[in-house]
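The lines below spell out each chain.
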Amino acid sequence: MGPLRRLFRLAPRPETIVADIDEEITLHLELRAAELEAQGRSPADARAEAERLFGEVRTHRGSCVTIDQERITSMRRADAFDALRQDLGFALRASRRRPLFTAAAIAILALGIGANTAVFSIVHGVLLRPLPFEEPGRLVMVRNGDSRGEFQVSELERMRYRQETGLFERIGTWYFGTLTISGTGDTERVRTLFADADALPVAGIRPVLGRTFTPEEDVPGGEPVVLVSHNYWRTRLGARQDVVGQPLTVDGATATIIGVLPPDARLPGDFTGARAELVAPLSPDPVPDPRNFHFLSAMARLRPGATLEAVNARLGVVARELVETVPPLPDDFRITVVPVTQAVLGQYRPAVLMLLWAVGLLLLLACANVAGLLLAQAESRRREFAVRAALGAGPGRLARQMVTESLILGGLGGLAGLLVGYGALRGLLAVSPPGLPRVDQVSLEPVVLVFAVSASLLTALLFGLAPAAAVRRGSGVSSLRGEGRGSTVGRERHLVRRGLVFAEIALAVTLAAGAGLVVRTWLNVVKTDPGFEVERRLTFQLSLPAARYETREARWQFYQALTIELGGVPGVRAAGAVSALPLAQEAGDWGFLIEGRPPLREGERNPFADRIVVTPGYFEAMRVRLVEGRLPTPADDATREPVILINEATARRYWPEGGALGARIRLSSNVDTVWRRVVGIVGDVRSRGLEEAARQEFYFPHAQYPTNPSQNAMGTLSVVVHAAGDPEALTGPVREAVRRLDADVPLSQVRTMDAVLDTTLSVRRLQLLLLGFFALSGLVLVAAGVYGVVAFLVSERAREFGVRLALGADRGGILRLVLGDSVRLAVIGVTAGLGGALVLGRLLQSVLFGVRFADPVVLSVVPLVVLVVVTAATVGPALRAARTDPGMTLKGE
Amino acid sequence: MTQVDLLQGTLDLLLLKALSWGPMHGYEINRWIRDTTGEALAIEEGALYPALHRLEARGWVEAEWGLTDRNRRAKYYRLTRAGRDQCRREATAWTRYAGVMARVIEAGRA
Numbered sequence: 014m015g016p017l018r019r020l021f022r023l024a025p026r027p028e029t030i031v032a033d034i035d036e037e038i039t040l041h042l043e044l045r046a047a048e049l050e051a052q053g054r055s056p057a058d059a060r061a062e063a064e065r066l067f068g069e070v071r072t073h074r075g076s077c078v079t080i081d082q083e084r085i086t087s088m089r090r091a092d093a094f095d096a097l098r099q100d101l102g103f104a105l106r107a108s109r110r111r112p113l114f115t116a117a118a119i120a121i122l123a124l125g126i127g128a129n130t131a132v133f134s135i136v137h138g139v140l141l142r143p144l145p146f147e148e149p150g151r152l153v154m155v156r157n158g159d160s161r162g163e164f165q166v167s168e169l170e171r172m173r174y175r176q177e178t179g180l181f182e183r184i185g186t187w188y189f190g191t192l193t194i195s196g197t198g199d200t201e202r203v204r205t206l207f208a209d210a211d212a213l214p215v216a217g218i219r220p221v222l223g224r225t226f227t228p229e230e231d232v233p234g235g236e237p238v239v240l241v242s243h244n245y246w247r248t249r250l251g252a253r254q255d256v257v258g259q260p261l262t263v264d265g266a267t268a269t270i271i272g273v274l275p276p277d278a279r280l281p282g283d284f285t286g287a288r289a290e291l292v293a294p295l296s297p298d299p300v301p302d303p304r305n306f307h308f309l310s311a312m313a314r315l316r317p318g319a320t321l322e323a324v325n326a327r328l329g330v331v332a333r334e335l336v337e338t339v340p341p342l343p344d345d346f347r348i349t350v351v352p353v354t355q356a357v358l359g360q361y362r363p364a365v366l367m368l369l370w371a372v373g374l375l376l377l378l379a380c381a382n383v384a385g386l387l388l389a390q391a392e393s394r395r396r397e398f399a400v401r402a403a404l405g406a407g408p409g410r411l412a413r414q415m416v417t418e419s420l421i422l423g424g425l426g427g428l429a430g431l432l433v434g435y436g437a438l439r440g441l442l443a444v445s446p447p448g449l450p451r452v453d454q455v456s457l458e459p460v461v462l463v464f465a466v467s468a469s470l471l472t473a474l475l476f477g478l479a480p481a482a483a484v485r486r487g488s489g490v491s492s493l494r495g496e497g498r499g500s501t502v503g504r505e506r507h508l509v510r511r512g513l514v515f516a517e518i519a520l521a522v523t524l525a526a527g528a529g530l531v532v533r534t535w536l537n538v539v540k541t542d543p544g545f546e547v548e549r550r551l552t553f554q555l556s557l558p559a560a561r562y563e564t565r566e567a568r569w570q571f572y573q574a575l576t577i578e579l580g581g582v583p584g585v586r587a588a589g590a591v592s593a594l595p596l597a598q599e600a601g602d603w604g605f606l607i608e609g610r611p612p613l614r615e616g617e618r619n620p621f622a623d624r625i626v627v628t629p630g631y632f633e634a635m636r637v638r639l640v641e642g643r644l645p646t647p648a649d650d651a652t653r654e655p656v657i658l659i660n661e662a663t664a665r666r667y668w669p670e671g672g673a674l675g676a677r678i679r680l681s682s683n684v685d686t687v688w689r690r691v692v693g694i695v696g697d698v699r700s701r702g703l704e705e706a707a708r709q710e711f712y713f714p715h716a717q718y719p720t721n722p723s724q725n726a727m728g729t730l731s732v733v734v735h736a737a738g739d740p741e742a743l744t745g746p747v748r749e750a751v752r753r754l755d756a757d758v759p760l761s762q763v764r765t766m767d768a769v770l771d772t773t774l775s776v777r778r779l780q781l782l783l784l785g786f787f788a789l790s791g792l793v794l795v796a797a798g799v800y801g802v803v804a805f806l807v808s809e810r811a812r813e814f815g816v817r818l819a820l821g822a823d824r825g826g827i828l829r830l831v832l833g834d835s836v837r838l839a840v841i842g843v844t845a846g847l848g849g850a851l852v853l854g855r856l857l858q859s860v861l862f863g864v865r866f867a868d869p870v871v872l873s874v875v876p877l878v879v880l881v882v883v884t885a886a887t888v889g890p891a892l893r894a895a896r897t898d899p900g901m902t903l904k905g906e
Numbered sequence: 352m353t354q355v356d357l358l359q360g361t362l363d364l365l366l367l368k369a370l371s372w373g374p375m376h377g378y379e380i381n382r383w384i385r386d387t388t389g390e391a392l393a394i395e396e397g398a399l400y401p402a403l404h405r406l407e408a409r410g411w412v413e414a415e416w417g418l419t420d421r422n423r424r425a426k427y428y429r430l431t432r433a434g435r436d437q438c439r440r441e442a443t444a445w446t447r448y449a450g451v452m453a454r455v456i457e458a459g460r461a
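These protein sequences, in sequence, are chains A and B. In this note's numbering, each number is its position in the first sequence, counted from 1, plus 13. In this note's numbering, each number is its position in the second sequence, counted from 1, plus 351.
The hints are simulated quantities; they were obtained by calculation from the structure and are not laboratory data. Careful, some of the hints might be misleading.
Said to hold, decoys possible - One-sided and incomplete, this derived list gives chain A residues near chain B with beta-carbon spacing under 10 Å:
{"#": "1", "residue": "H41"}
{"#": "2", "residue": "L42"}
{"#": "3", "residue": "E43"}
{"#": "4", "residue": "R45"}
{"#": "5", "residue": "V70"}
{"#": "6", "residue": "S87"}
Where is the CB? At the ideal position from N, CA and C, for every residue including glycine.
Hey, can you work out the whole structure from these sequences and the hints?
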């Protein structure tokens, strides 16, 4: 047997094995019997003797069957390996022959899979992962509300809810604040969780070291005890095992550390932004404040079997009761419970899920595109398949080879996709708005890797099926002869593909237009003048401990000394402090009266402006423009005439004809009776963000601020330092300067104004990047889709082109023919896309800035770009069409 | 004539040797062995077939269906190259062994 025939020998089927063995044995017995007959025996005798000589037929037959079956099985296995190796070889050779196509296919798949991997990581890390509570299904947040919205729980209400033992197995309350820790290295202010004795137990959070509070410690004047977060224990306390029982200086007093929390321990309110490092007792007053301030969060564990409807119904009764007995509560006061998962994650679910749908759609389109490319390929490889079929490979075999090729593409695409996904995730996390919960814990976890691998295999099968089926149908003699083209089935498929490309073009135009609008918005936002200089500014917050800085004078003197001290630091050009840092903190508005104005009419509102306290040097440090008059100086103290500054917005609003300078105003609250003279008007500052117009503001010199019950307003200020060079380099010297004045005053929120501005732009940046990514992907897909369709078209019509060329058409004409066809499709698609762009723009209008949704620049540039992309993708196959050799095509391939 | 029992493990050598003379089907192999040994070996004739199938599984013989001169369908076995090598090896080993045994038996007391 020659090697070629051996190559194509197939393993025999099981039924044949037994039949063959029977035939072998039967022949032997017959011939042996014949031999014995020839020696003179009777036929029956000969037969019997032959059988006797043979031995146990059944046994020998059985042995042969077993031996043969085993041989067949191992042959089959070897065949399968051989076939696989062959397929791999074919697939790799095929990929090498078309490097551009392979690269394009892998790139498209990597894009789709990578995007999905990144987004799925976020979906998993933020939404799907269970919250770090025991049995979160039974936990609910208890919220108060009225017709205007929701608000938190008061101490009085807390006591009342604790009585509802029929509903709640346990209920815990807490709020977040800040405490100063000193004594262990730097004095610092840390975010603190003030929790009652039930708050951590209700969540099922158990300390890894020590214990939580007892009810006895949770009273006003109780033992000063604290728990520390896992992070604080690791970074500031050296992760020592003996830390329980150690003292910690908190707000100037000594407290004892009684426990360390586990690494993932958080309560609702702590899932975004900076995490609490310290836990202190809530110490609720047994006699609650009758003013009924609402500042507590409450979480309860429902009794087994309690339904939300029953609980809400009962709470309706409780609410009615409270409205009767607690005067400050509004009449439409209500109490609701919300499952904790929904409370923490609910508002992000729609946006994140929409993102997931979007990338899912992207992956599907990517698959469709690669399938289209493969189909276009398969058509041009028809001859190759026909030859292999003639050599004995069945249609099943060929289909298997196509699937192997698809799996390789899918596998490589998946690997590349993982890389893209990792990069995309890093990028997404870098720009994600700080408000996204648990985003600090998102990473490429094993779950996500499994997802990525499954996605790539699934996509491989999805886009591999189409060409495999095509090859199955098309293989055989008919394709050698070049028949089977122009069949109705082929035309249907072609229509579907053209429809797909049309949809992609429309979608790409829509997305690109959206991206264009967002880009213009971004540019508008970024070039908006905030009203002060952002570069080279270092800022930090100082909190003077109330105990040692009780008087206004003491506080003012500290900040004055600080300004002088900072002025002496090399590299500092100016320094000043403010009560509300622009772009970071909000100032409250206060009403005021203007001397000499007629009293208010019915329904008229008092003039008002945001109240801001500044130290001398602040406006200089921020380079805020002085429009008229003068800036505050150290001479504006408690002994001199009370003065005040206003900004342009206030001046425009209340002195439209001018004359604000020199006017006298007085705060309309009963606290202040002093008339203050306006000595300066400064330029507008966009305090609430670059996109919001400047608010009306007035500025009090620090030393002349009216005494009023909220003492801390003057003790805690944000200091701004104008640096000659790199602001961050001044961090050390500035800390030193503060320490020289008072070692126990903590610095917090040390950052540059650039960073502050950056944070306000994070949502915009995310919008820009996301839409930009989708728009770009859309364009890539359009290019691939158009290329696939046109390539297929060209190969289909090769004969037609040959005829035309033979009949005298010039090559330029063929080129124009193919290009024209493409452009026509593109124009229709673009028109549809423009419609979609207007719709999308309308939807986006509320979030655009300085751009109309039907922006002419965007709407003219985008279609042009898409048309260019389509033309570029068509050029390759069009040139190939123009270079058709009429001789070859007319001969029939 | 008296027959000797077939020694364990020597059937393979017999079959390989038989086939070294050319392709044969099962009955022909049996005939050849009987003729060559003068029917001196007591072999259960059916045992040939499992042995042949085993040789095929090991790749020392190949099988192909053909026609006898009476136009009967028969499974012809043929030595592969590996089978030829194996035959040579086993024959050499056997001869050597037989020689050693002979020396032992004929040796006088020392």
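Hint-by-hint comparison with the structure:
Hint status for A:H41 relative to chain B: holds, with the closest Cβ pair at about 5 Å, below 10 Å. Residue-level restraint check for A:L42 holds (minimum Cβ-Cβ distance to chain B is 9 Å; threshold 10 Å). Checking A:E43 against chain B: minimum C-beta separation of about 8 Å stays under 10 Å; hint holds. Against a cut-off of 10 Å between C-beta atoms, the interface hint on A:R45 holds, since the closest Cβ of chain B lies about 7 Å away.
With a cut of 10 Å, the hint placing A:V70 at the interface with chain B holds, because the nearest CB-to-CB distance is about 6 Å. Satisfaction of the interface hint for A:S87 is found here, the shortest Cβ-Cβ separation to chain B being roughly 8 Å, below the 10 Å cut-off.
Going down the numbered hints, you'll see the structure goes against none, and every one checks out.
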